[in-house]
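**Student:** Sequence:
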Amino acid sequence: MSAFKRRTTTKQPPLPAGTRTCPGSTATVITSTGIPSLDDILGGGLPLSCSLLVLAPDAHSAYGELVIKYFATQGLACGQRVCVVDSRAESFLNECMWMPGSATTTAQTADTSEHVSLTVAEDEEDERASEHDTKIKIAWRYEQMKQFQTTVPSAQSTDDYCRTFDLTCRMPESVIQSARSDGRFLAVNPDEQIHTEGPVSSCRRVIHRLSDILAQNDSESSLATRICIPSLGSYEWGDVSPQDICYLFHSLRVLLRRYPRACASVCMPSHVCQEAFGGPGWVQKLGWLTDASITLAAFSSNPSLTAMFSSHHGLVHIHSLPAPHTLLPPSDKFSALRGLTSSGENNLAFKCMRKRFIFETLHLVVEGGVSERRTTPSASALVLDSAAGHVRDHAHEALASGRSSVAAVQVQLEQVEITAPQPTTVETPASETSAGSSFKKAKVKKKVAFTSERPDLYDF
1 MSAFKRRTTT KQPPLPAGTR TCPGSTATVI TSTGIPSLDD ILGGGLPLSC SLLVLAPDAH
61 SAYGELVIKY FATQGLACGQ RVCVVDSRAE SFLNECMWMP GSATTTAQTA DTSEHVSLTV
121 AEDEEDERAS EHDTKIKIAW RYEQMKQFQT TVPSAQSTDD YCRTFDLTCR MPESVIQSAR
181 SDGRFLAVNP DEQIHTEGPV SSCRRVIHRL SDILAQNDSE SSLATRICIP SLGSYEWGDV
241 SPQDICYLFH SLRVLLRRYP RACASVCMPS HVCQEAFGGP GWVQKLGWLT DASITLAAFS
301 SNPSLTAMFS SHHGLVHIHS LPAPHTLLPP SDKFSALRGL TSSGENNLAF KCMRKRFIFE
361 TLHLVVEGGV SERRTTPSAS ALVLDSAAGH VRDHAHEALA SGRSSVAAVQ VQLEQVEITA
421 PQPTTVETPA SETSAGSSFK KAKVKKKVAF TSERPDLYDF
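In this text, residue positions in the sequence shown follow the UniProt record's numbering: the first is 1, and each later residue adds one.
Derived from the structure by calculation, the hints contain no laboratory data. Remember, it's a predicted structure, so these values are computed and weren't measured experimentally. Where is the CB? At the ideal position from N, CA and C, for every residue including glycine. It is possible that part of the hints are untrue.
As the list claims (entries may be wrong) - Below are the DMTMM-like pairs computed for lysine to aspartate or glutamate, each with C-alpha atoms no more than 25 Å apart in a straight line:
#, residue 1, residue 2
1, Lys-351, Glu-65
2, Lys-355, Glu-95
3, Lys-355, Glu-173
4, Lys-355, Asp-160
To be verified - Simulated restraints on C-beta separations:
#, residue 1, residue 2, range
5, Glu-345, Ser-304, 34 to 42 Å
6, Glu-236, Ala-276, 16 to 24 Å
7, Pro-23, Glu-192, 14 to 22 Å
Let's have the full structure, built from the sequences with the hints guiding it.
**Tutor:** In structure tokens, the structure reads:
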């Protein structure tokens, strides 16, 4: 009997729907957030058994909740299980975006299809016009060069890993009902009471309910589970303290490590995202308790930044990035937007357009341009001038209002009598005067005449 054995590859279990292996580690399975540019920042996607925290401290915008909607919509689109922790979970899904031109459309969507097609045609015409203007402005030798890109390209609409969604479309009711009947849509109410001894905070109730759901799903099916918490710490959660939120994140991390086919995405209201709620270092503490934490700092509260960066809606601050099974985050090596493989890390910003929400690199505006002549001051100069004028006006108002408390200084000049110099006359000799006044006599012009009888003779 031969002692040699043929080496055969061991069969690996199939990956859950809507997932793929991480490019940096084959032991890590990642899933998409629904936004290709955010997947690039995270290193290809959000790893399973990890959590993502989106902070939006601006009270006048809802960009953080929009990211959670993308996360939930992507889960339902690729056939994963979605668990929404909110008192109005079904209304939350009704407000989510959906894929353009999908087969599952309602009657209302069919009625507005003509309007959508016209809008798409207008967008294509605008893109062609902008490309035509760009070709006119640049030199002919630069036309064949690759255009500078500030974000990653969108995924194919047929790709299950990351679908293409349209903000002008809404999730059909049939999709929600089908997911509910199949058990792929689960709702957890923070106000729901559980049978325990004594009063229990809402954070502990949610953790207890999520533990039961993950344990049941792990034994029944191999689908990946997405936990969406759109407003942690809102009024629906009752009186929540910073200690309760820290307990929830720490317990959620334990659950995700215990059930590796689950991941979570959390967003909090604006007042909970600020350090006034949890004390100094609150944002850094949240970054330590979660695997990935980013802040979407909108420009809506700062008019000067809005005027300076008119093409963006806010900045992106990265506090922590997921790094399961590795020492360094895969984003440091595989993220094109961050640009750590080149000289340094890029500044990141986000903008919400009519049909999509993207993250891209932030670049300062060119002061004066290279090929165009500026006839008006730049936007940054106008912002600085207005800010300086505001400071000067404020200083004058403060000086006028506080004359009694500010020492007044009077400056006087000594009066010194200075005699004006008297004009002096200079006498010139008479010879020079007469010589200067006399003019040279002009020479008499020559006259030429001829007779008609003898034209060859001239008289001078």
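**Student:** I'd like to know which numbered hints this structure contradicts. Please list them from smallest to largest.
**Tutor:** 5 and 7
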